[in-house]
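A.B. asks: The lines below spell out each chain.
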Amino acid sequence: MSRVACVRIPRFPLAAVWGAEPGDGADWDARPLALSAPAVPERVHVASAALAERGVLAGMRVTAAQALAADLEVRAWDEAAIGHAVNRVTMALLAVSPQVTPGPPGLWWVGVHGLSHRGERVVGAELLALARAWHPAARAALASSCVAARAATWLERDVPIVPAGRDAAFLARTPLALVPMDGELRATFRALGLVRAGQLAALAPGDVEARWGAAGLAAWRLARGDDQRRPALAVPPAPHLVSADLPVPATTLEPVLFLVRAALDRLVQEVARDGRAIAAFEVTLVLDGTGSSLPGVAAPARTAVRRVACAVPLARVEPLFEQCRAVLDDWALEAPVTGVRVQVTERAALTGEQGDLLHTGWRDPAAAEAAFARLRASLGAQAVVRPEGRDAHAVERRGEWTDGRIVGWSMLPEDPDPPTVSLRLLPAPERIEVTPLPLGFRWRGRHWPVTAQSGPERLSGDWWSAPFARDYWHWWSGGAVFVVFRAPGGEWMVQGWGD
Amino acid sequence: MSLALLRSRLADLVAPPPVAADLLPTGVAALDAALGGGLPRGRLTEIAGPLGSGTATLARRLVTGLVARGLGVAYVDAARTLAPADWAHLARGHLRMVRPPEAARGAWCADVLLRSGAFVLVVLDGAPPLTRPQALRLVGLAREKDAAFVLIGQDRPSAVSGAVRVALRRRWGGKAVRPDGAIQILVERGGNRELIEIPGMLPEAKRLGVHPAGPDRRGVGRGRGKRWKGARNGGRRLASGEASC
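One line per chain: the protein sequences are S and E, in this order.
Residue numbers for the first sequence follow my numbering, beginning at 1 and rising by one.
Residue numbers for the second sequence follow my numbering, beginning at 1001 and rising by one.
No lab work stands behind these hints, which were simulated from the structure alone.
Keep in mind that this is a model prediction, so the values were computed, not measured.
Among the hints, erroneous ones may be present.
Covered stretches of chain S (in silico footprint by chain E; criterion: 3 or more residues with CB under 8 Å from a CB of chain E, positions within the stretch not fixed) [claimed, not checked]:
| id | segment |
| --- | --- |
| 1 | 382-391 |
| 2 | 479-492 |
A few chain E positions that, by computed beta-carbon distances, are all more than 10 Å from chain S [claimed, not checked]:
| id | residue |
| --- | --- |
| 3 | Arg-1007 |
| 4 | Arg-1170 |
| 5 | Glu-1204 |
Which residues of chain E face chain S? A partial, calculated answer using Cβ under 10 Å [claimed, not checked]:
| id | residue |
| --- | --- |
| 6 | Ala-1048 |
| 7 | Pro-1050 |
| 8 | Leu-1051 |
| 9 | Arg-1060 |
| 10 | Thr-1081 |
| 11 | Trp-1087 |
| 12 | Met-1097 |
| 13 | Trp-1108 |
| 14 | Gly-1190 |
| 15 | Gly-1191 |
| 16 | Pro-1199 |
| 17 | Pro-1203 |
| 18 | Pro-1215 |
Note that the Cβ used here is the ideal one computed from N, Cα and C, for glycine as well.
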């Protein structure tokens, strides 16, 4: 008879999304953290222990949860981060047994058949120690079936062991909620008063099949400990890595980029073959070590690593390469490059975004992100911006250029297109010399005769931060209308013009 | 109401004719008609005009229309003179502005944006005059990626064959001392020249202070008294010796 261990780490998706590391304890569980549901983002899917103490439950609306915990921090379900963390735990459990199968996030089944020479309690303790690196309340249990092992993790003992052949007896006392089945079927059983697995197992199989079909019969079998699921051999994911050596050390990045592109081409194909996309990758340059200070002694080869994280997982070479260029463009080489290594560090599910074939204007948003990333890397973070309205009186404070990655809240009413002429503003108002008769002004070395004017219009305010009081005029000159003002000191300034 | 304005209003009301997929409507019916349906994709369009001739307002009209249709637009404000408040209505759209620290980097920004193939329109506004190799390279990218490339504010033509040129000028008819909001546009396309006039294209704001709430003036301008005398003149012709400074 085979033996199975179940390892359960409570609220594991929270640890994954908040980037907890094994050995850090479970500080995250003492904070008011929650994850929203993947399909229903307005509902809480996983809540931390701190939130549970305040009455926040899974399935509750986020707004209702905020009413109970004002300092609630909610993040979206992150499939990539959770998958990455699950993979890390799976790899750690391989130290105990080669048969490890992850279940729902936070649950692993480990095949422990054949490890009896070490003692089941010892094996269970090893599994528990590995799991408790993530959370002190993690549990591990052993049984002859997956369903019994999982149910045993809910017992208030460190490593519960269900003796071989005793699964049905153990399950008879456990709540029916611990037997996996369809939600509708579970509700039906509950309505009929079946609350323990033993009550379902006591029914005649013919009756169960006649009433609830194959799904009912499968649940009946599980309730009796008849579970055909077995942990399989865990295959560590192959490292998606391409490395190449340069025949001649390169002092510029052009040959490096050539190799990186070829490597990305191959990696994208590999990853896409598994139905996955690249979420992050690393570019490692192997630098020539001959620049040693000791004559005749070659220094060891050095490496320099840059990590590229994509805003959205990609399985297309062009935008990935553009992101890569953004990182490599400003890379000052300390020594000639002798080799290049590109490794995929994070993968994510490939989305079904295919664009709209009937929409001729459809463009790949990932390509836009890559182009903007390159501009930011080269020109600075403030080079790519969004216009945002501000609730202010001063002309130069009515709008602001904000970070292009953040969609700000506009204080201005939504308008398809402002009804007035667009203003061009100088970075800072420039002083002008005004000639009174006839009225004109000298600006940037040119005389501008004023043919008409409108004003004055006093604008003032902001006494609490940057007080100002200006008398504004519109001056028509040379086919343009200038926005000029007279500062409190009496000097005349031009601030912009209508264009 | 003038006949031209009436025609313009009617043109806005009547359903526009179907637009070819390789043309981007500018949002100005008369200009679209002169351009044969809109800005051509895969080619260079130069929008030029003297200071204050309405290039930014025309660009804003064009960009607003395209963003509203969900099309990807990138705008390089190389001169860094656009006022963000005038473009804030596009904050939640697809528009992102690129404002390089130096105007001379504008051409490189346009190069990166065009090469990405992610935009149907790339606007380069206020960059120094492009050299011929620069212009040819950018036009080549626009053709390759099927994007419209618009160059704004260049006084002299870029000498790229096949470019569409749109020259703007405010109308100052007769004895007027200030423009009336109308705009004259000279469209040069494939050897043809057409002059059109669009009334009401550049309506001036009556006031600068458009904030719905009155300003809080505590602590500012205290004790300085009134700086001006008399009523507002509302933009009338200046009489001799009337200058208020």
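A.B. asks: Decide, hint by hint, whether the structure agrees.
C.D. replies: To see whether the hints hold, each was checked on the structure:
{"no.": "1", "hint": "382-391", "result": "holds (count 10)"}
{"no.": "2", "hint": "479-492", "result": "holds (count 8)"}
{"no.": "3", "hint": "Arg-1007", "result": "holds, 20 Å"}
{"no.": "4", "hint": "Arg-1170", "result": "violated, 5 Å"}
{"no.": "5", "hint": "Glu-1204", "result": "violated, 6 Å"}
{"no.": "6", "hint": "Ala-1048", "result": "violated, 12 Å"}
{"no.": "7", "hint": "Pro-1050", "result": "holds, 6 Å"}
{"no.": "8", "hint": "Leu-1051", "result": "holds, 5 Å"}
{"no.": "9", "hint": "Arg-1060", "result": "holds, 5 Å"}
{"no.": "10", "hint": "Thr-1081", "result": "holds, 4 Å"}
{"no.": "11", "hint": "Trp-1087", "result": "holds, 4 Å"}
{"no.": "12", "hint": "Met-1097", "result": "holds, 5 Å"}
{"no.": "13", "hint": "Trp-1108", "result": "holds, 8 Å"}
{"no.": "14", "hint": "Gly-1190", "result": "violated, 23 Å"}
{"no.": "15", "hint": "Gly-1191", "result": "violated, 28 Å"}
{"no.": "16", "hint": "Pro-1199", "result": "violated, 14 Å"}
{"no.": "17", "hint": "Pro-1203", "result": "holds, 6 Å"}
{"no.": "18", "hint": "Pro-1215", "result": "holds, 3 Å"}
In summary, the structure is inconsistent with hints 4, 5, 6, 14, 15, 16 from the numbered list given earlier, while agreeing with the others.
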